[in-house]
Amino acid sequence: MKLFDWKSELARKGHRVVLSGQPITMHCHHYNINLQKTLEDTLGKEGIQLLYDSVEYANYRDFRSLLAQYTQIKTLKSKLEMASILYQNSGFGVLRFHEVGPQGGNIFSPSSHHVTGWLAKHGRRNTPGCHFARGWIAGALEAIFHFELGHYAVNEQQCKMMRDEECLYKVTAG
Amino acid sequence: MAIDGNKIVHAVMEGSRIRESKGIIPLFGVYLSLFSVQYYNRLSFEFEKKLGKTRKTEAQALLIQAAQECGYATFQGIRNSWEWDEIVTPMIDQREDQIEGFTAVAVAFGWGDLEVKELIPEQKLVIRVSDSYEAGGYLQRYGRAASGKCYMLRGVAGAFMDLIYGEQYPDGCFTFAADEPLCRAKGDPHCEFIAAKSPH
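Chain order of the listed sequences is A and B. The first sequence begins at 141 in the numbering used here and counts up by one. The second sequence begins at 1146 in the numbering used here and counts up by one.
If you are wondering where the hints come from, they were derived from the structure by calculation, not from laboratory data. Just so you know, these numbers come straight off a predicted model, no measurement behind them. You may find that some hints are simply not true.
With a Cα cut of at most 16 Å, we get these calculated EDC-like pairs of lysine to aspartate or glutamate [as the list claims (entries may be wrong)]:
{"id": "1", "chain 1": "B", "residue 1": "K1195", "chain 2": "A", "residue 2": "D193"}
{"id": "2", "chain 1": "B", "residue 1": "K1167", "chain 2": "A", "residue 2": "D181"}
{"id": "3", "chain 1": "B", "residue 1": "K1167", "chain 2": "A", "residue 2": "E306"}
{"id": "4", "chain 1": "A", "residue 1": "K147", "chain 2": "B", "residue 2": "E1159"}
{"id": "5", "chain 1": "B", "residue 1": "K1195", "chain 2": "A", "residue 2": "E288"}
{"id": "6", "chain 1": "A", "residue 1": "K185", "chain 2": "B", "residue 2": "E1191"}
{"id": "7", "chain 1": "A", "residue 1": "K153", "chain 2": "B", "residue 2": "D1258"}
{"id": "8", "chain 1": "B", "residue 1": "K1342", "chain 2": "B", "residue 2": "E1267"}
Derived list of chain A stretches under chain B, where covered just means 3 residues or more per stretch with a C-beta under 8 Å from a C-beta of chain B [what the hints assert, rightly or not]:
{"id": "9", "segment": "152-158"}
{"id": "10", "segment": "164-177"}
{"id": "11", "segment": "208-222"}
{"id": "12", "segment": "290-303"}
Just so you know, even glycine gets a beta-carbon here, dropped at the ideal spot from N, CA and C.
For reference, chain B alone in the conformation it holds in the complex (with noise of 0.2 Å):
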């Protein structure tokens, strides 16, 4: 069965209207919060520019590192809900469907419209997004880049495939990395990430 990713978007919306007295929303074995676009662009924007040229590198790395431990963590918490069990466990055939579980999620979010374009089985995944909240608000407020902005999709690429094909959880964080050759920030008609095993 193919994996259903409106339904799964569905559920999270329903999911997501869901309070306790305590104002902490549990859904699918993590705490959610609903928060402007405007405060994690600015966070990260902002990072990368009072690090500076020199530690340019350096600001892109903690960023997505942060991310891809996020994504790590947060979908392994994910996978193992009763939220999963019920809605997305049905419609998996084979482990990597739940990659398209993963992505229906992430567009429920509101991370972008993810579309897996290519799945090697261990060795390499291919993820498109037109419209990711990043590159737009990149464009937005700094104009044009000279590199990829979606340091938060980059990570959360790699621990897809971390959660997959990685050692078991929690010691396969960082076995893939992903690149974005292609950004809306930088003047591509989409963003494009591929994750790949790490060289590290």
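Same shape as in the complex, but just chain A (with noise of 0.2 Å):
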């Protein structure tokens, strides 16, 4: 089954750029890294909880606005499916659900924009770095679920800024 046809989802209305009728823009690694370092040295940990919330929230309601309009897309299999095209085509890498459920589970990433980004700018991390995907993720799986936002805790357990084989990310219920 096709889960949806990317290349129209995205489209111009005017100057405005929208995904699926919601309005989004570009931004390329610079500027993403260069806010995720300015919060994190600026506010640290702080910085990183305002980080993440923000992403939780946004995609919390862009992914609920998805779901409602795709209703032929019923199975978690095909919902978790659905979110890792998002993530890919919107730019930001590759994302493997694992055994998740309402209880939460483990997604792994090969590949992400923003460890390719941190990596460009800064070069390796000693601690793990990121806090988009975590925020992305608790978004995503509260929408689909059906919890409210701050339902889900999600950590990163390796992570690629460090030089991980790949970024690991455990969901738990907060």
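Hey, can you piece these two chains together into the complex? The hints should help.
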């Protein structure tokens, strides 16, 4: 089954860019990584949490809207596949959901916009750095399982920014 | 030959539909991503809020700086890309035309309806935007602002001038700085960015 026609979902309304009707913008790794570094350097853990919360909030809203538009997508497998397609086609990289259910699960990422961007600009980190991906995953799963924002905690147990083989996110009910 | 903005917008839209297997979008010499404007707005304005009234100026300066550094590196990558060579270079008669090319790319990225209103070589650039996602997002979430809120576009306006009239890359960043005397978030009919030589 073709989940959704990505190319027709990405469109322009005058000078605005929309994805499935939601306003989006294009930014490159320079801006995304600069924002992350500014928040981490200025606010530490509070800055990391702000980044996570902001992604979670935005993706929760957008993903719920997408699911409401694609009512033919009913099974958990197809919803997770849709999340992977959305992530990949937004240029954020690859997500592989592994035994994910309402109670949580594990997600692997062998490739990521933020990892590529961070390593290009700042090199190896000593701490996990994929806060964007963690928030994105939380928002998507909360939308899929009809939970409130903040229901899940997503922790990164391996990170390619630390030169691990791939990123590993563990999702638990918060 | 004048810069054909529509041609550039079309090229970006077509290019942004190209995916490679790793889920990365390499376009115009940078890695692109597509995401909700709500994310960027919430991140910037809540960051400013968290730093509080006493550190408001610092928060604004950090957000503008992040954007100017980004704009400087991003548009340097863009103007050195094969896409730029193929699509934009044939339309460029003089170096000032690059600003029109940059502006068209910014429109293509969904940053707003940027329009160059004035350019005095080496001195001053005025860009007008009627629908900046930052101003619109601020108004929607927080109501009318007391000062300009388009930190990303402010940094980018400075970066455009840095790239054309600053020292050779990478030494020219922050040669210029932009103000935003008019902003829709504070009730003005449009946002206006004026980039001039930085006093620092």
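A quick look at each hint next to the structure:
1. K1195(B) x D193(A): With a Cα-Cα distance of about 14 Å, the restraint between K1195(B) and D193(A) holds, given a limit of 16 Å.
2. K1167(B) x D181(A): At roughly 29 Å apart (the allowed maximum being 16 Å), D181(A) and K1167(B) break the hint.
3. K1167(B) x E306(A): holds, 13 Å
4. K147(A) x E1159(B): Distance ~9 Å between K147(A) and E1159(B) Cα, so the pair holds.
5. K1195(B) x E288(A): violated, 24 Å
6. K185(A) x E1191(B): Between K185(A) and E1191(B) the Cα gap is close to 15 Å, so the pair holds against 16 Å.
7. K153(A) x D1258(B): Between K153(A) and D1258(B) the Cα gap is close to 11 Å, so the pair holds against 16 Å.
8. K1342(B) x E1267(B): Between K1342(B) and E1267(B) the Cα gap is close to 8 Å, so the pair holds against 16 Å.
9. 152-158: That given contact holds, which follows from 5 residues of the segment 152-158 of chain A lying within Cβ reach (below 8 Å) of chain B.
10. 164-177: holds (count 12)
11. 208-222: As far as the segment 208-222 of chain A goes, the hint is violated, because 0 residues have Cβ atoms under 8 Å from chain B.
12. 290-303: With 0 residues close enough to chain B, the hint is violated.
Hints 2, 5, 11 and 12 from the earlier list are contradicted by this structure; the remaining hints agree with it.
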